[in-house]
Amino acid sequence: MRGSLKRVFATAWHTPSGQVGAVTLLLIALVAVTITPFLPDPRIMPDLSGGAAPPSFAHPFGTDAFSRDILSRVVHGARVSLSIAALAVALSISLGAAVGTTAGYFGGWVDAVLMRSVDAAMAIPRLFILLLLVLVWERIPPAALVAVIGATGWFATSRLVRGEVLRLRELDYIRAAKALGAGSPGIIFRHVLPNTLGPLIVAATLGVGEVILLEAGLSFLGLGIAPPTPTWGGMVHDSESLMATAPWTGLFPGAAIVITVLAVNLWGEAMRAAVDPRTA
Amino acid sequence: MTPLLEVTDLVKHYLSRGLFRAGLPTRAVDGVSFEVGRGETLGLVGESGSGKSTIGRTILRLDEPTGGRAVFDGVNVFETDRETLRAMRRKMQIIFQDPFSSLNPRMAIGSAVAEGMEIHRLAPKAEIPERVAGLLREVGLDPSLATRYPHEFSGGQRQRVGIARALAVSPTFIVCDEPVSALDVSVQAQVINLLRDLQEHRGLSYLFIAHDLAVVRQISHRIAVLYLGRIVELGTTDQIIESPQHPYTQALLSAVPEPDPRRQRTRIVLRGDPPSPSAPPPGCAFAGRCFHSSKNARCTSERPEQRTVAGRQVACHHAG
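Line by line, the protein sequences are chains G and D. Residue numbers are given in this note's numbering: position 73 of the first sequence equals residue 152, and the series is strictly consecutive. Residue numbers are given in this note's numbering: position 23 of the second sequence equals residue 29, and the series is strictly consecutive.
Worth flagging that the hints you see were computed from the coordinates, not collected in a lab. Hints may contain errors.
If you only want the chain G side, here are some residues facing chain D, beta carbon under 10 Å, derived [said to hold, decoys possible]:
hint: 1; residue: Leu84
hint: 2; residue: Asp190
hint: 3; residue: Tyr252
hint: 4; residue: Arg254
hint: 5; residue: Lys257
hint: 6; residue: Leu259
hint: 7; residue: Ala261
hint: 8; residue: Gly262
hint: 9; residue: Arg269
hint: 10; residue: Asn274
hint: 11; residue: Pro278
Covered, in the sense of this in silico footprint (three residues per stretch, anywhere, with C-beta under 8 Å from a C-beta of chain G), are these stretches of chain D [what the hints assert, rightly or not]:
hint: 12; stretch: 60-70
hint: 13; stretch: 83-96
hint: 14; stretch: 99-107
hint: 15; stretch: 119-131
Think about it this way: if two alpha-carbon atoms lie no more than 16 Å apart in a straight line, the pair counts; the simulated EDC-like pairs of lysine to aspartate or glutamate are [to be verified]:
hint: 16; chain 1: G; residue 1: Lys257; chain 2: D; residue 2: Glu124
hint: 17; chain 1: G; residue 1: Lys85; chain 2: D; residue 2: Glu158
hint: 18; chain 1: G; residue 1: Lys257; chain 2: D; residue 2: Asp244
hint: 19; chain 1: D; residue 1: Lys97; chain 2: D; residue 2: Asp79
hint: 20; chain 1: G; residue 1: Lys257; chain 2: D; residue 2: Glu70
hint: 21; chain 1: D; residue 1: Lys97; chain 2: D; residue 2: Glu12
hint: 22; chain 1: G; residue 1: Lys257; chain 2: D; residue 2: Asp69
Every residue, glycine too, gets a C-beta built ideally from N, C-alpha and C.
The whole structure should be built from the sequences, with the hints applied where relevant.
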């Protein structure tokens, strides 16, 4: 399988944007893993009267309004933000692949019904759907947030996969499998899905960047994960009133969002170019 | 002895679909009949768009036929239920033209060859690698290559893998859909020799589809010449090559290089394109490009039926 996927990774790695993106992501992961054990608990408020302190030797990124160490909160927030992004993307990619494959492979009225529904769903702004769903909960639990983001994020993926499947369906190796007597599930799982993997990985990578931003946006609107669990968007939200007096409270989580999303997108674009040189 | 495959009046029309237009159907195959005997190779020649690949695919029900019968080993393939069809697919296989799109790029070639045996449970799991090795050897590939992926192979080697995949289910009949058209001439000869050896050892029957008479004559016992979805001439290879009766066959043959320098052959260059298969002319489909001296009004008004001329079937008013 692995043959051509390996080539995609290698090709992406050999582009400047791919290298910058991948190295940055690896650095972020490395830093998060190595320094986490040495950081104070991000939820504990050591000194309620202290307020926000600027960066110092003890707190390199300063502290927030509740005197919590911002470095610690940024690092722990990475875990929350990134795992929400990863899980939501895994969900949306699976849904998109399932719907797109079904529509593309079976065609006819199945295709028409599924794709017109997707068209309709895409006509509704995603933020609007999210706001409606999120309003049901006062403070949304992380699992529900993942489900909501994942369930509203697969429309474009299903179109992408459907297009791939339509192309694959006409290839001779699919005909050969049919001629050998393979049933639809066999053809889909052995021949169709593995060959949509390249575009799917690209869509997933770019999707991670999108979901980090979306989660940050929701948190910023006060609709994200409940405090005191740190998320990047939530931290930016909390810093809003302190921006003039304590800019570091918003600067570091904001920078974390920008750098991570940029790195993910650079790597995603490099892979997209590797999968399909025509769209580069 | 009854033929292995008997195709009668095969028709395949493609409907141009659209919500607001009801286009004329494209008559890709328009009433084709032929037989393939046991151990025989029937060559099917024609230019692109003549319907030759469509014939191969509909016989295997990879495309659904519009009409006609295809009786394989006593059973009409066009009227079988799913389960019978699945079982019959063991006996009827296909080899494709394009060595690149005919193999799944994400599947090791050993798994590709094993797939048919797994589907039909032809061997216990433990024996499959051994069987795969045997098949690879049979088509002239090193069995140690079974774990490699298609992109590591040349066009000719891929075509051998495709042949091994078809052989894995022990078919009696194989549709060879332009199996050498995409290959270099030297490799073409190797693949044709392989197909011939396999026919001899396994008693296979082939429907050998190609656009090149020079290729078809090397392997076929009989040849059918197709023009715009109909057979215009059908006879033994000798008959077709030595004394073609239909003007279209004569034109095709004049394009084949003649190895004997003492023999003179005039090159017939056809002018124009074949008519549209969605609006075929009322008379002979070839009339517009025909150079026959006695061409007349009948050619453009009355469709020529097949008749026997000099021992073979010809559909031309003026042949013989």
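Quick rundown of the hints versus the structure:
| no. | hint | verdict |
| --- | --- | --- |
| 1 | Leu84 | holds, 8 Å |
| 2 | Asp190 | violated, 13 Å |
| 3 | Tyr252 | holds, 5 Å |
| 4 | Arg254 | holds, 5 Å |
| 5 | Lys257 | holds, 6 Å |
| 6 | Leu259 | holds, 4 Å |
| 7 | Ala261 | holds, 6 Å |
| 8 | Gly262 | holds, 8 Å |
| 9 | Arg269 | holds, 7 Å |
| 10 | Asn274 | holds, 6 Å |
| 11 | Pro278 | violated, 13 Å |
| 12 | 60-70 | holds (count 3) |
| 13 | 83-96 | holds (count 4) |
| 14 | 99-107 | holds (count 6) |
| 15 | 119-131 | holds (count 4) |
| 16 | G:Lys257 / D:Glu124 | holds, 14 Å |
| 17 | G:Lys85 / D:Glu158 | holds, 14 Å |
| 18 | G:Lys257 / D:Asp244 | violated, 36 Å |
| 19 | D:Lys97 / D:Asp79 | holds, 9 Å |
| 20 | G:Lys257 / D:Glu70 | holds, 13 Å |
| 21 | D:Lys97 / D:Glu12 | holds, 15 Å |
| 22 | G:Lys257 / D:Asp69 | holds, 11 Å |
The structure shown violates the earlier hints numbered 2, 11 and 18.
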